[in-house]
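K.L.:
From just these sequences and the hints, can you work out the full model?
There are 2 protein chains.
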Amino acid sequence: MFEFTLDARAGRARTGIFHTPHGGLATPVFAPVGTQAAVKTLTPAQVREIGATLVLANTYHLYLRPGDELVREMGGLHEFMQWLGPLLTDSGGFQVFSLSGTRKIDDDGVTFKSHVDGSTHRFTPEKSIAIQENLGADIIMAFDECSDPNDHAYSKIAMERTHRWAERCLAARTRDDQALFGILQGGVDPDLRIASAEFIASLPFPGLAIGGLSVGETKKEMHDMLDVVMPLLPEDKPRYLMGVGTPEDLIEGVRRGVDIFDCVLPTRLARHNAAFSPEGRLNLMNAAYARDKRPIDETCDCYTCRTFTRAYLRHLIVAKELLAGTLLSIHNLRALIRLMETMRGYIVEGIFEEKAPMLLKLWKNNAKRMDNG
Amino acid sequence: MFEFTLDARAGRARTGIFHTPHGGLATPVFAPVGTQAAVKTLTPAQVREIGATLVLANTYHLYLRPGDELVREMGGLHEFMQWLGPLLTDSGGFQVFSLSGTRKIDDDGVTFKSHVDGSTHRFTPEKSIAIQENLGADIIMAFDECSDPNDHAYSKIAMERTHRWAERCLAARTRDDQALFGILQGGVDPDLRIASAEFIASLPFPGLAIGGLSVGETKKEMHDMLDVVMPLLPEDKPRYLMGVGTPEDLIEGVRRGVDIFDCVLPTRLARHNAAFSPEGRLNLMNAAYARDKRPIDETCDCYTCRTFTRAYLRHLIVAKELLAGTLLSIHNLRALIRLMETMRGYIVEGIFEEKAPMLLKLWKNNAKRMDNG
Numbered sequence: 565m566f567e568f569t570l571d572a573r574a575g576r577a578r579t580g581i582f583h584t585p586h587g588g589l590a591t592p593v594f595a596p597v598g599t600q601a602a603v604k605t606l607t608p609a610q611v612r613e614i615g616a617t618l619v620l621a622n623t624y625h626l627y628l629r630p631g632d633e634l635v636r637e638m639g640g641l642h643e644f645m646q647w648l649g650p651l652l653t654d655s656g657g658f659q660v661f662s663l664s665g666t667r668k669i670d671d672d673g674v675t676f677k678s679h680v681d682g683s684t685h686r687f688t689p690e691k692s693i694a695i696q697e698n699l700g701a702d703i704i705m706a707f708d709e710c711s712d713p714n715d716h717a718y719s720k721i722a723m724e725r726t727h728r729w730a731e732r733c734l735a736a737r738t739r740d741d742q743a744l745f746g747i748l749q750g751g752v753d754p755d756l757r758i759a760s761a762e763f764i765a766s767l768p769f770p771g772l773a774i775g776g777l778s779v780g781e782t783k784k785e786m787h788d789m790l791d792v793v794m795p796l797l798p799e800d801k802p803r804y805l806m807g808v809g810t811p812e813d814l815i816e817g818v819r820r821g822v823d824i825f826d827c828v829l830p831t832r833l834a835r836h837n838a839a840f841s842p843e844g845r846l847n848l849m850n851a852a853y854a855r856d857k858r859p860i861d862e863t864c865d866c867y868t869c870r871t872f873t874r875a876y877l878r879h880l881i882v883a884k885e886l887l888a889g890t891l892l893s894i895h896n897l898r899a900l901i902r903l904m905e906t907m908r909g910y911i912v913e914g915i916f917e918e919k920a921p922m923l924l925k926l927w928k929n930n931a932k933r934m935d936n937g
Numbered sequence: 565m566f567e568f569t570l571d572a573r574a575g576r577a578r579t580g581i582f583h584t585p586h587g588g589l590a591t592p593v594f595a596p597v598g599t600q601a602a603v604k605t606l607t608p609a610q611v612r613e614i615g616a617t618l619v620l621a622n623t624y625h626l627y628l629r630p631g632d633e634l635v636r637e638m639g640g641l642h643e644f645m646q647w648l649g650p651l652l653t654d655s656g657g658f659q660v661f662s663l664s665g666t667r668k669i670d671d672d673g674v675t676f677k678s679h680v681d682g683s684t685h686r687f688t689p690e691k692s693i694a695i696q697e698n699l700g701a702d703i704i705m706a707f708d709e710c711s712d713p714n715d716h717a718y719s720k721i722a723m724e725r726t727h728r729w730a731e732r733c734l735a736a737r738t739r740d741d742q743a744l745f746g747i748l749q750g751g752v753d754p755d756l757r758i759a760s761a762e763f764i765a766s767l768p769f770p771g772l773a774i775g776g777l778s779v780g781e782t783k784k785e786m787h788d789m790l791d792v793v794m795p796l797l798p799e800d801k802p803r804y805l806m807g808v809g810t811p812e813d814l815i816e817g818v819r820r821g822v823d824i825f826d827c828v829l830p831t832r833l834a835r836h837n838a839a840f841s842p843e844g845r846l847n848l849m850n851a852a853y854a855r856d857k858r859p860i861d862e863t864c865d866c867y868t869c870r871t872f873t874r875a876y877l878r879h880l881i882v883a884k885e886l887l888a889g890t891l892l893s894i895h896n897l898r899a900l901i902r903l904m905e906t907m908r909g910y911i912v913e914g915i916f917e918e919k920a921p922m923l924l925k926l927w928k929n930n931a932k933r934m935d936n937g
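Here the protein sequences line up with chains R and B, keeping their order. If you use my numbering, the first sequence corresponds to residues 565 to 937, in order. If you use my numbering, the second sequence corresponds to residues 565 to 937, in order.
All the pointers check out, no bait thrown in.
A short, non-exhaustive set of chain R residues, derived as facing chain B with CB atoms under 7 Å:
1. Phe644
2. Thr871
3. Leu887
If you're looking for bench data, these hints aren't it; they were derived computationally from the structure. Using N, Cα and C, we set each Cβ at its ideal position, and we do this for glycine too.
P.N.:
See the structure below:
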């Protein structure tokens, strides 16, 4: 269980299979986010048709609603949401630390108020593991503290706490059918990142995650941190870059040896009427598309692009038909998953290093982050 | 084209095939409503998987948004919305007459204000046909005036206007690949209904519709009016009971010889968290379903019932996930379409009259109208 078989390499990039109780996961892989046990607006059948193989769900949200004990009673998260492939849950840490002003951190854990009803709750490393064991995902995450990339002193404190919490998570776990991944922190400080990579890599985690990136630092800082930590991580364990990202981020991450990604970007863009395309991100609300008979992307093989014109999608958006969100989510997710499939193919064929600049150029116009575009 | 082949009869009930340019339509049939060129929250692939064969779209809405000329430029409504089976458009009359206070009726037509932007528009019989020809559905409807069932004097005026408009619609049409259906009116007055049935049946329409029912009259009044008019309609033309209905209405309609139905009820109920089930209408928001591992209906063959528990559906509703609306729409539409399939089977097997009371009993708890339940 949780063996990671590497099939091919190209520079630091690699492709392989991570074996889980719900099937082998071909890497590098992009995971759609199903925050509340549902990839927004899509049925599991549609998520599968898109080519998704791994889905992420959020511990914080499911703990609050419907409750992790209820999910366990219902047979666990796979059974509850009927996603029968590999599942990953985060630790709840990131969401809780994002509740600025309403959470209080100490060395033992975090006390916070629910965004649903204002009630007070407490997460500790042990509690996070207990919740994730109730949920029952294949890959679960250590409880970590994500710091502000611009605050060096806090980054150091958060990193040290993350290390102690990592050991407590390992001690707390009781299920051997879940792969508990350790998370490195360290902000944008190379020395902290090196210390964190070395410490977390020394613990018996079957996989390792890079946390605290894509949280406000520059692209260059993200790439620099990956350049610093990736060579320090063991080759035989999968590496997960959390909360990333844009098409460009995926290419730059794979190049540096990342195996797993997740991001809400494709579904969030869909809710804002935006679609990935070779021309750049399209805002399909735009009147320019009112009579446009082309699909979003003539090269895309998704249901939306095989079936509908931009004119129809624009009509749905203007008429406030929810189907627009479904159809754009299908396209945006497929675009990133297809990009991952393309990169896996290039690595296997031994042409990834040669093709990566072309991929980066192709996706340049889509590299803007959500907050900029 | 537009031949109606009758295959079997059981009392007044009958089953047949209505031949359209987009395929043969097995009757009796229930049509999901795709008001704005989309069955709410569902892809055409999902609508097809549900077993739907005919879809209705609304002329009033599509005239305003995206505009019938745009739809024509995009290749017509089938191509635009990618529903490649038979399509039906209403005349726009019902919506326009429902805009009480903002519309003005005269013998030539109706002037009204758009609900979208308040702009002033005018529909006449000729205009309605021109719009419907631009949209290009297989079945189009004559422009009629629906009256208040409790206002006899107005019912007579509206009926007479409907008759004159029916002749103008026949004169105005130019496409022979669309079946123009005539509509009878007459409120809840048997004499008016008889006069209307005789007049409309005397005109060269390939199909006939019963308008002005399910608009506030009692169930008994609806059944009485059907009992009065159905024997007066030619056997060799399909009969369409507009805007109906509940499961009970469908059974009572088929019993009296109705061939085509449409109603927004299944998708509207879905948006209100309600689902058809043998136990009655379930409100899936109810806390009683929080740990209910059963599907909505154990006898149902829809994707939702084959896949998800009531507990999961309730979670999606409570967590405000739009997927809930999609999954309940799939179930509610499938429930009515399966009921029609069952009735077609019973008619073919010659056991419909014997089985109808059992069907009525089974669906009794689901017979409540939306406004009551």
